[in-house]
Amino acid sequence: MVTKRLDLDLETFRARLREVESRAALAAGDRAPPRVVIVSKYLDSSDCQILRGEGFGPLGENRAQDLESKVGPSEDRDGWHFIGHLQRNKIGSVIPRVDTLHSLDSDRLATLIEDWIESNGTAPLRCFVQVNVSGESSKGGLAPHEARSQIPDWIDRCSNLRIVGLMTMAAVGEPEEARPIFRALRELRDEIAETLPEPSRPAFSELSMGMSDDFEVAAEEGATLLRIGRILYTRQ
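Read left to right, the sequence shown gives residues 51 to 286 (this note's numbering).
The set of hints was computed from the structure by calculation and includes no laboratory data.
Careful: at least some of the hints might be erroneous.
To be verified - Cut-off 30 angstroms, straight-line C-alpha distance, at most; resulting in silico cross-link-like pairs (DSS-like, lysine-lysine):
no., residue 1, residue 2
1, K140, K189
2, K189, K91
3, K140, K91
Because the structure is a prediction, the values reported are computed rather than measured.
Working from the sequences, and respecting the hints, build out all of it.
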């Protein structure tokens with residue numbers, strides 16, 4: 051699917067980002083407000099450079115080919131996340147360009163990333179484990195029962211992966227319909243954390259969930275990162 055590019059207007063972007071952050075903080079209540087990962091699939095490379103030059107970030111890219119065109123290897127790794135499905139043949143392209151992966155979704159992928167980092171000597175990669183809470187066949191990710199068994203194993207044997215939490219995508223629909231999905235992800239994170247050795251528990255605390263249409267519900271349910279794109283670039 052081709053994503054329609056949007057023109058970056060910094061004044062609009064700043065105003066929309068402030069609004070999202072304010073609404074998310076209000077929705078989070080007593081919890082720490084979630085951080086915003088700025089989805090960059092709507093922007094070309096020059097717009098991404100403008101945002102990074104203005105100090106905005108992290109930016110989150112969905113496709114390896116687009117990431118390659120927007121940032122060089124090790125050029126701005128701290129400023130980029132990869133939020134789409136990572137194909138195994140793109141590991142060597144994506145990993146040097148990002149510091150966080152939101153879509154770890156198989157044991158095979160975990161092993162390949164671990165081996166690639168070990169061989170190439172890059173810094174450990176922060177990883178969210180993608181969980182298909184809704185059970186939709188169109189969505190990727192581990193089933194909840196798979197996450198329960200895989201995550202302790204990865205933390206034990208993959209020293210180059212920093213497993214920081216869980217990610218999910220809710221079904222398309224009304225924002226309130228996403229609440230059970232987000233709540234189930236939070237409960238799954240808490241359940242898995244209880245099974246981890248004490249030194250690993252504090253690091254396993256993140257939830258990447260919520261996008262432009264449902265971010266307030268996600269914040270209410272404990273999101274720590276929101277993946278926000280379209281509404282940051284359009285006047286509403």
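Now for the hints, and whether the structure bears them out:
1. Distance hint between K140 and K189 is fulfilled; the C-alpha atoms sit about 20 angstroms from each other, no more than 30 angstroms.
2. Between K189 and K91 the alpha-carbon distance is near 19 angstroms, which keeps this suggested pair within the 30 angstroms criterion.
3. Distance hint between K140 and K91 is fulfilled; the C-alpha atoms sit about 17 angstroms from each other, no more than 30 angstroms.
Of the numbered hints stated above, none is contradicted by the structure.
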